[in-house]
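Visitor: Whenever a hint applies, use it, and build me the whole structure from the sequences.
Protein sequence lines, in the order shown, are assigned to chains D and V.
The first sequence begins at 1 in UniProt numbering and counts up one residue at a time.
The second sequence begins at 1 in UniProt numbering and counts up one residue at a time.
Derived by calculation from the structure, the hints in this document are not laboratory data.
Quick reminder that beta carbons are idealized off the backbone N, C-alpha and C, glycines included.
Any given hint could be a false lead.
Output of the computed footprint for chain D on chain V, the stretches with three or more beta carbons under 8 Å from beta carbons of chain D [claimed, not checked]:
1. 3-15
2. 89-99
3. 113-121
4. 233-247
5. 306-313
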Amino acid sequence: MAETATRSKPASSGSKSRRGTRSGGNRVQQRQGKTALGSESQDTLRDYFRQMSLIRRFEERAAQGYTQAKVGGYCHLNLGEEATVVGLMSALRRSDYLFTNYREHGYAIAKGIEPGRVMAELYGRTTGTSKGLGGSMHMFDTEVGLLGGYGIVGGQIPLATGAALAIDYRGGDEVVMCQMGDGTTNIGAFHESMNIAALWNLPVVFVVINNHLGMGTTVDMASAESELYKRAVAYRMHGERVDGNDVVAVQEAAGRLVEHARKTGEPAMLEAVSHRMKGHSVVDPAKYRSAEDAEAAREADPVAAFRSQLISAGVLDEDGAAEIEREVQADVDAAVAFADDSPHPDPATLFDYTYATPVANDSRRLPADPVF
Amino acid sequence: MAVITYRQALHDTLREEMLSDENVFLIGEEIGVFEGSYKITAGLLEEFGEKRVRDTPIAEEGFVGAAVGAAMLGLRPVVELMTINFSLLALDQIVNHAAKIYGMFGGQSSAPMVLRTPGGGGQQLGATHSQNIELYYAFVPGLKVVAPSTPADARALLKASLADNDPVLFLENLALYNTKGEVPEDAPPAEIGKAGITRTGSDITIIGYSRMATVATQVAEQLSEEGISAEVIDLRSLRPLDRETLVESVRKTGCAVITEDDWLTYGVGAEIAASISDGAFDYLDAPVRRVAAAEVPLPYAKPLERAALPSAESLKTAVRQTLEAVGHRR
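Guide: Printed below as a string of structure tokens:
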């Protein structure tokens, strides 16, 4: 069931893109109700469950690694958002590009990076997704089209728009997905980029994960329009809201928008309403959170819910689910072992990645070295 | 060899690079239909079309960031920021993103782009339109900052910047656009990170960049009539900084005056003075002097603006006083 939230008459399109005029106008809709398992094959459904379980277990181990001081810095987990992560990534081709914020371990795995390389990045090892130079917030892999996790709120939005510009420039058929949190929709770069993407007809799908909390600030405290998908209206862009706890619903909505962007170049915005099960980062005890909200997050647990749903529907039985969980456990154990066994970067490589093109007189001075 | 303006050198080089590489495109405010606020891009929209000469909304963070993202996928954006003052709106995208893409992701991607932007005062544009804040960018590893002072350097450094796989802030100066000089068409690209010695001398070293490098060269010529032999160094590149060239010169002459359009405290000159202290302390016959802008938001009123900016006269005074202190005989 689709609800049209706001609609005004679209102006005549001034777009001069080769992709033609935008057909979507400013439709903004909220899809309501629980999606059934849809038309997905049983194998696909079991794979969704496997991926969600893998991310759940991986993140629990990442948190553990943090308490063991094997993981440093900040560590933002996807716990509670697994259905959104897996649904979104299932909507992308391997050749499509993804830009995320700092909460990206699950995305890296679901986009196709080996969990061991993701864990190795958390451990700061050379085998990590960014050779240990990026850490939790800055994973990257050209092979699978992950063009980076970014630590500055919203910093990834103009970049994603530019990647879509490059695709359009070359006439490619890839699509860019730009993930962000609810707090991001209040920064200037969000609005500037939405405007530019719509103006130039760029194939980018902006995805807002609304877990209702920007660190400790609720979406109601931060956003004058807290139904975030409605912000698309201002840019005559298609906006949609989906239940982020429902992996199939997320996949369907994202898949539709991604394929539309691929075909027409029209950008879109998808809001996935979800919950964060833990604090903003591993060290955040989330004392600001109401007991009701924390309880709602626990109740909404998308991994447990999907497990039950698959068992009720006869896609899995208890043994089958437990088998998947055992495999996932073994995968995560292997990822941790891989990270643990991987080498730390050699300090002699400190200056290897400052510049892509070497230049004269590039400083290679260590702190205690004299300048001359 | 053609004698052309700095403006024409920039225009011709952009056009030449666009003809030779279809990945090169221009993006910025008013660069197409309006033909550029300073007309560097005049005629290019007509020749290359909207795809390659892209007018943007007034949204610096959005379009600079879009250029960074496009560069990550292998395009070669040349961004025109109408003035360096407006680059502050895009500071996050330049400093937190363009400069970090290569290092932060372990060398898997970079942002090969050129950010062209004029700085400088002297046009009675008031405090927010008259700044020399290239230092903000020169401070950041991962960025390269070049500042051509002559039409020939404008061409050679723009070619080098476009061939480079890193983001380059390309500093222009409003006062230089109409200056003329010989531009050899077959000259190779410049080497980023190398300073130029625009005039050799033995009594004193004058170090400058952008507009003040050209002023320094003129001043050195005028002072030679007074029997002063000044060597002039044009930094050309603020990051990387060619410390070797300037230190070598000061070791030879024994004294130095640094001149810059930016403010004194924490300015480019402070870094140069520290470099001289590091590399030529034992050779110094006099304290290093700095001729920089007065530390005020630049006023609109002409006499006040003129008083605030370094000039040929203020530079000459500093050179003469330095030489008097060491007992230089003319």
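Visitor: For every hint, state whether the structure bears it out.
Guide: Consistency of the hints with the structure:
no.: 1; hint: 3-15; in the structure: violated (count 0)
no.: 2; hint: 89-99; in the structure: holds (count 4)
no.: 3; hint: 113-121; in the structure: violated (count 0)
no.: 4; hint: 233-247; in the structure: holds (count 7)
no.: 5; hint: 306-313; in the structure: violated (count 0)
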